[in-house]
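S.K.: Sequence:
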Amino acid sequence: MYKIVKDKCSSCGLCADVCPVEAISQFGPYIIDSLVCIECGQCVHDCPSLAIEIVEEE
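Taken in order, the sequence shown gives residues 24 to 81; the numbers are from the working numbering.
Read the hints as simulated data drawn from the structure, not as lab findings. Virtual Cβ for every residue (Gly too), placed ideally from N, Cα, C. No false leads were slipped in.
Distance ranges between label pairs, derived from CB positions: (1) E79 with F50: 23 to 29 Å; (2) F50 with P71: 14 to 20 Å; (3) V44 with V78: 17 to 23 Å; (4) S34 with Q65: 14 to 20 Å; (5) C60 with K31: 16 to 22 Å; (6) S34 with H68: 16 to 22 Å; (7) P71 with S48: 14 to 20 Å.
Make the full structure from the sequences, and use the hints.
M.R.: Shown next, in the form of structure tokens:
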């Protein structure tokens, strides 16, 4: 599961733009919907702020 670290996020919106399944809200604050996310890693790869981390599911 992926999570956006709000303290690192610059709110550029690139993660939402590159998500192939639109799992990230288009307007801030950016949140990843874990029910929609396919964990492809595109957002992690493209985030210039390195604000997206992999976390274990609770």
